[in-house]
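Starting from the known structure of chain A, fit chain B onto it as the hints suggest.
The listed protein sequences derive, respectively, from chains A and B.
To convert, note that position 206 of the first sequence is 206 in the working numbering; the numbers rise steadily by one, no gaps.
To convert, note that position 32 of the second sequence is 32 in the working numbering; the numbers rise steadily by one, no gaps.
Identical chains share a label here; the pair holds if one copy fits it or two copies do between them.
In silico BS3-like pairs for lysine-lysine, Cα to Cα no more than 30 angstroms straight-line:
| hint | residue 1 | residue 2 |
| --- | --- | --- |
| 1 | K32 | K214 |
| 2 | K35 | K9 |
| 3 | K9 | K32 |
| 4 | K35 | K75 |
| 5 | K75 | K150 |
It should be emphasised that the hints constitute simulated quantities derived from the structure, not laboratory data.
There are 2 protein chains.
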Amino acid sequence: MAISKNQIKYVKSLQQKKFRQMYGNFVAEGDKLAKEILTHSKIKIEGVFASSTWLGNNSILFSNLATDVFEVSEKELGRISGLKTPNQVLIIAKQLEHSIDWEIVNNGLSIYLDGIQNPGNIGTIIRIADWFGIPYIFCSENAGELYNPKVIQSSMGAFLRVNYVSHEFEDLQNRLDNIPFYGAVMNGEDVFKMKLSENGLIVIGNEGQGISSKILEKINNQVSIYPHSLNGSESLNASVATGIICAAFRNQ
Amino acid sequence: MAISKNQIKYVKSLQQKKFRQMYGNFVAEGDKLAKEILTHSKIKIEGVFASSTWLGNNSILFSNLATDVFEVSEKELGRISGLKTPNQVLIIAKQLEHSIDWEIVNNGLSIYLDGIQNPGNIGTIIRIADWFGIPYIFCSENAGELYNPKVIQSSMGAFLRVNYVSHEFEDLQNRLDNIPFYGAVMNGEDVFKMKLSENGLIVIGNEGQGISSKILEKINNQVSIYPHSLNGSESLNASVATGIICAAFRNQ
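Just chain A, with the same shape it has in the complex (with noise of 0.2 angstroms):
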């Protein structure tokens, strides 16, 4: 079946904020990602637009699906991909609708992203919590949205195994069992020659900005990584950084 101009379209419309939330829907492309998401049990998937010989590879994963399946060539992937590199697939799924366990909150360990906006980088905050088993990702209302087509791509499928949710930072205060709030700062206490508690929430700010006053007075214990004033470096990438800290906190 080939693809009408205004499939093309409405495909198109998904790479901007205000449509997917118009339809609900998301866009994921790749062979890799699009395999994970169509073995997925919890995704509806709304449609597949693939070369022909992807769609010959893998019929088994959609042969049961209830939805389109297109086959598109080269050029037409080209015409609705959002990627420099169109990757032989493109999927459009429901988006999830997250719901939050608050004793698994209370008891583990979770992240808070406040005003993360760079979409690369909270993708690659998503692969670290489900590298190091965090289910839950919260951010602020200013922090970046989840199905940004670059967020989805950079999590590599992570996403479909962490929650990432917003949640205002009182609110979600107001839901926790005074669980301890770390926050990544300049000058705080070298995390790895701190005692870190198994459960807790680790606060992580703004690229540019760091965390908002607001939120760093809640903050119990101000963290830093190799805290030093040898050298001109400035910050270290706000991923990097939510990375090593997790790593501090799993090698207690």
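Frame of chain A; chain B shown alone:
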């Protein structure tokens, strides 16, 4: 002084590797980076293109500059910029020549990037090296180039303090006194649970393929981060892995 069509063409050409190599120059953009470069003793500036406001505020930085300073309109800056959102100033400078102090390399920690391609990852790894006081990053010939504008922008000035030098692995090995090689792999020893030496070379492999087999066989210590098989995550981002391994070394 307004800029000519030929100048626009020249500045834009530096977005491409072949022209950077031909002229031996590179481009850096934005207020912060421009200030760092203009105040750096070793960098030779070839041109400054900035808004009248920026020039007015920062005249002290280039009053003694034996080079051309151009006032550009927002529109002109947009035409020469490689950024989505041009930021006040663009600088052209001569590429640095790196000399290697092998005694420092032999007695300290260095990083080797085996085929790392993503310019954002390379810039972020340069920032990590800067943060942890690691003066040398070596890379294979097929790794990304330092002066790619995306590397320069994401390194955020760290490239001024860290040496990023292309060096084939075998040749590098011949230059080193038997220092330990640590390679980041999927199923190695937990980097936080082993004894790490104070000197050594941390080898980070390509984003998709990992460390090439030719190099892997030279590595004495295969290390991993939080090795586990609990969930579906396949890997950490290369720069995040580098950051965590460097943190492990610095927190021995």
